[in-house]
Amino acid sequence: MTGARFLEKNVAIVGIGQSEVGRPSSRSAMQLTVDAALEAIADAGLQPKDIDGVCSWPGDNSNGSSFSPVGPLAVLSMFGLDCNWFSGGYEAAGPLAGVMNGAMAIASGMANNVLVFRTITESSNRTSGSKDQSLAAKSGPRDGNFMWQWCTPFNVLSVVNITAMYAAAHMDKYGTTPEQLAQIALNARRNALLNPKAVMRKPMTMDDYFNSKMISTPLRMFDCDVHCDASTAIVLTRRDRARDLRNPPVRIEAIGAAMNQPYLWDQVDLTANATADAGNAMWARTDFKPSDVDTAQLYDGFSILTMMWLEGLGLCPRGGSGAFVEGGGRIALDGALPLNTNGGQLSGGRTHGMGYVHEACTQLWGRGGDRQIRDPRVAVCASGGGPLAGSLLLVKD
Amino acid sequence: MRKLPLLNAETRPFWTGGEVGELRMHRCDDCRRYFHPPAPVCRDCTSLKVGPVPVSGRGRVLTFTINRQAWTPELADPYVVAIVELEEQEGLRFLSNIVNCPAEAVAMGMPVSVVFERVEDVWIPLFERATS
Ligand SMILES: [Zn+2]
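Protein chains in written order, with full-length UniProt numbering: chain A, 1 to 397; chain Z, 1 to 132.
The shape of chain A in the complex, shown without the other chains (with noise of 0.2 Å):
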């Protein structure tokens, strides 16, 4: 049994909240956040007082950097919060790791009911006129940063560059074909017709598909993912509490944080990445199987890191993610295997890794509407690209 020693299990998600998507907002990034934050606690049928424990990644990023905009310190203040348990930062395993450090503060004790989330406006500070903060960092003085270092000189200024070629060497190798990348676009748009917070809402053909800007070869605009303004957050209990509250729990069965290869994003496995790495350690601490899952929110910053998650999560074989998703039937919402339901991040916007335990829950939770799969029970969250990646197993109890 997997259950005494894997202590994740004892933690389950009781609520959930977004705020408004907006490309862009006019609510400001605090507010986005106490949008979000005051309807995840008001899910979980808690008060905020209750919160005593407050996690986020990245947490807050270069002072109002729009990537990052608010961290766990503003939020806590923000709402006069008895903390028992605090934590950002950029380093850890992917945009889900706020998920994975609530989960351990609970499961360890520190904290009773934690709030975990992820507020993002890159939409407004594309739109202000403003140069996109991210490039300016990267045209200023000599670059000392560990891993972009290694990229500027050679003027990448975007991982866009360097997914590309793993989109390359995954099509050179396995024989991966443009027309199968494209379904991770296509059934990510079909999705997002069906959500009306959705970002991008107008239909797409495989022919606008490929006439859609080639950005660095072979991703094409499609193959990234649009930027929005929004706040994600979900309340995280003790699962012994959490049949108490008002939603059915949705334990956190499993986490896979591992990294087993150096952060350099031109030395990892340019087929697979990290993947693997956080697959094969969520596993290993459960007793569910990879064909136990009813739906995956795998992370499609850019289409090709979805197929390498199909592929390291063990959802299909290594290297056979083009013909798994071959047709697009396979991962539409009444396939076999319903993928990022709400439109991902490509379609639904680039709410950034929080989006995908949202709509895990969402569809566990039966909450779906239009786009709601029929009966789930096991979900599988995974968000990262490169060296970084961080898997959840969600199961409603």
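Incorrect hints may have been included.
[Unchecked claim] Selected chain A positions facing chain Z (Cβ under 10 Å, derived; list incomplete):
#1 Trp-150
#2 Pro-262
#3 Trp-365
[As the list claims (entries may be wrong)] DMTMM-like cross-link-like pairs, simulated, lysine to aspartate or glutamate; straight-line CA separation at most 25 Å:
#4 Z:Lys-49 <-> Z:Asp-29
#5 A:Lys-213 <-> Z:Glu-88
#6 A:Lys-173 <-> Z:Glu-128
#7 A:Lys-197 <-> A:Asp-370
#8 A:Lys-49 <-> A:Glu-91
#9 A:Lys-213 <-> Z:Glu-85
#10 A:Lys-173 <-> A:Asp-370
#11 A:Lys-173 <-> Z:Glu-88
#12 A:Lys-202 <-> A:Glu-326
#13 A:Lys-213 <-> Z:Glu-22
#14 A:Lys-173 <-> Z:Glu-85
#15 Z:Lys-49 <-> Z:Glu-22
#16 A:Lys-173 <-> Z:Glu-104
#17 A:Lys-173 <-> Z:Glu-87
FYI, nobody ran anything at the bench for these hints, they're computed from the structure. Note that this is a predicted model, so its numbers are computed, not measured. Glycine is no exception: its CB is placed at the ideal position from the N, C-alpha and C atoms.
Go by the hints and put chain Z with the ligand onto chain A.
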């Protein structure tokens, strides 16, 4: 205009070897494995007896992409970003550019050799199609 790296004790040999026409990669004196990026400790055996040594500068294109997005006005023309594996050791590789040929001429597995582009006190190691 390329953004230049910060040079320090570990990275300077890599970025300045071009001054004398050498591509220098870090190697461990104990296990004889090369590794990149340069660091004061061997990734394989944790030995501290590591340092830069000149390598052939020959390798092959492991994977590549043609960038078509003008991230800055100077980057309007397509350029090739590649990960090049050096012939000295499987897995010894780094990200670079393929230059001196049309972007469309670059192919997976293509043999390449190093050339250097000097900017201030940095000799950036780039690659071109190998002639022989
Ligand atoms: Zn060694």
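Hint check: A:Lys-213 vs Z:Glu-88, CA-CA at most 25 Å. Holds or violated?
violated, 38 Å
For the pair we were handed, A:Lys-173 and Z:Glu-128, check the Cα-Cα distance against 25 Å.
holds, 23 Å
Pair hint A:Lys-197 and A:Asp-370, alpha-carbon separation not exceeding 25 Å
holds, 12 Å
Given the hint that A:Lys-49 pairs with A:Glu-91, test it: the Cα-Cα distance must not exceed 25 Å.
violated, 29 Å
Tell me if the interface restraint on A:Trp-365 is satisfied: Cβ within less than 10 Å of some Cβ in chain Z.
violated, 40 Å
Do the numbers back the hint for A:Pro-262, that is, is its least Cβ distance to chain Z under 10 Å?
holds, 7 Å
Given the hint that A:Lys-173 pairs with A:Asp-370, does the C-alpha gap stay at or below 25 Å?
violated, 38 Å
Z:Lys-49 and Z:Asp-29 were given as a pair; does the straight-line alpha-carbon distance stay at or below 25 Å?
holds, 6 Å
Hey, does the A:Trp-150 contact hint survive, CB to chain Z under 10 Å?
holds, 6 Å
Below or equal to 25 Å on CA atoms is what counts here, so check A:Lys-213 against Z:Glu-22.
violated, 39 Å
Taking only the CA atoms, is the gap from A:Lys-173 to Z:Glu-104 under or equal to 25 Å?
holds, 20 Å
Does A:Glu-326 sit within 25 Å of A:Lys-202, going by the straight-line distance between their CA atoms?
holds, 22 Å
Checked against the numbered hints above, the structure violates hints 3, 5, 8, 9, 10, 13; every other hint is satisfied.
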